[in-house]
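> Spelled out from the first residue to the last, the chains are:
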Amino acid sequence: DGGITQSPKYLFRKEGQNVTLSCEQNLNHDAMYWYRQDPGQGLRLIYYSQIVNDFQKGDIAEGYSVSREKKESFPLTVTSAQKNPTAFYLCASSDTGFSTEAFFGQGTRLTVV
Amino acid sequence: QKEVEQNSGPLSVPEGAIASLNCTYSDRGSQSFFWYRQYSGKSPELIMFIYSNGDKEDGRFTAQLNKASQYVSLLIRDSQPSDSATYLCAVINIGNTGKLIFGQGTTLQVKP
Chain A
1 DGGITQSPKY LFRKEGQNVT LSCEQNLNHD AMYWYRQDPG QGLRLIYYSQ
51 IVNDFQKGDI AEGYSVSREK KESFPLTVTS AQKNPTAFYL CASSDTGFST
101 EAFFGQGTRL TVV
Chain B
1 QKEVEQNSGP LSVPEGAIAS LNCTYSDRGS QSFFWYRQYS GKSPELIMFI
51 YSNGDKEDGR FTAQLNKASQ YVSLLIRDSQ PSDSATYLCA VINIGNTGKL
101 IFGQGTTLQV KP
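Sequence lines, in order, name chains A and B. Position 8 of the first sequence, counted from 1, bears residue number 8 in this note's numbering, the numbering being contiguous throughout. Position 38 of the second sequence, counted from 1, bears residue number 38 in this note's numbering, the numbering being contiguous throughout.
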């Protein structure tokens, strides 16, 4: 089955640690996105990539890093520089085109302990 | 100014009524517009997309786009309690940045 998979579903991080969230898709999509969602809020764009080996900062990129070495994979690292990382993280992918739907993974809920 | 703005609500309507959800955007070059529904703790799921001015209907849902006014709306007819969710408006400018930007979402409550 085609889809987009995020792992883990729940993640706990100690202060000062870096953690990496996984996002894999087998939809052959060129574009991939990472969003952060806080309680009662919409989705804020962290990073996005329209092609392998290229990515751009979104609106809240500080404290995060990404890589896009393969078309299928777009991992997000939450670094210790991100002061308030507790949130729900969503990865999405889409074709690049005029009327292309973005498909979402199930999300990763990150909590700082 | 936020790139995509929605009234966060909550918008409360009785069962069977029409719910009207609104969204404005700032990038005049935006080309495609999406409405997603998100239940609490779940991922967003697409309801409709629209890219031409006017109305687009799909079952109980109608999306309306007015590019001159930079305004897109979603009408839900015969609202059901199962429609209670957060509705997210999303906008993309493919030719420029390729960013898919979401509004903060409107919470809809349909009361039986």
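Think of the hints as simulated: they come from the structure by calculation, not from any bench. Values in this document were obtained by computation on a predicted structure and should not be read as measured data. Check before you lean on any hint, since a few could be wrong.
With beta-carbon atoms standing in for the labels, derived distance ranges [unchecked claim]: (1) Ser22(A) x Tyr71(B): 23 to 29 Å; (2) Lys57(A) x Lys42(B): 23 to 29 Å; (3) Ser40(B) x Gly3(A): 20 to 26 Å; (4) Ser40(B) x Phe12(A): 30 to 36 Å.
Okay, derived cross-link-like pairs now, DSS-like style, lysine-lysine, Cα gap no bigger than 27 Å in a straight line [stated by the list, open to error]: (5) Lys111(B) x Lys83(A); (6) Lys9(A) x Lys42(B); (7) Lys2(B) x Lys71(A); (8) Lys67(B) x Lys83(A); (9) Lys57(A) x Lys111(B).
Ideal Cβ positions, reconstructed from N, Cα and C, are used throughout, including at glycine.
> Does each hint hold? Answer for all of them.
Outcome of the hint check:
Take Ser22(A) and Tyr71(B): their Cβ atoms lie about 38 Å apart, and the range 23 to 29 Å is violated. Range check, Lys57(A) to Lys42(B): about 27 Å between beta-carbon atoms, so the 23 to 29 Å window is met. For the pair Ser40(B) and Gly3(A), the beta carbons lie near 22 Å from each other, so the given range of 20 to 26 Å is met. Restraint check, Ser40(B) to Phe12(A): a C-beta distance of roughly 21 Å breaks the suggested window 30 to 36 Å.
Restraint check: the Cα-Cα separation between Lys111(B) and Lys83(A) comes to about 39 Å, which exceeds 27 Å; the hinted pair is violated. At most 27 Å may separate the alpha-carbon atoms for a hinted pair to count; Lys9(A) and Lys42(B) meet this at roughly 11 Å. For the given pair, Lys2(B) sits about 31 Å from Lys71(A) by alpha-carbon distance, which is inconsistent with the 27 Å threshold. With a CA separation close to 39 Å, the supplied pair Lys67(B) and Lys83(A) exceeds the 27 Å bound.
Only pairs whose Cα atoms come within 27 Å are accepted, and Lys57(A) paired with Lys111(B) is rejected, the gap being roughly 41 Å.
Consistency note: the structure conflicts with the earlier hints numbered 1, 4, 5, 7, 8 and 9.
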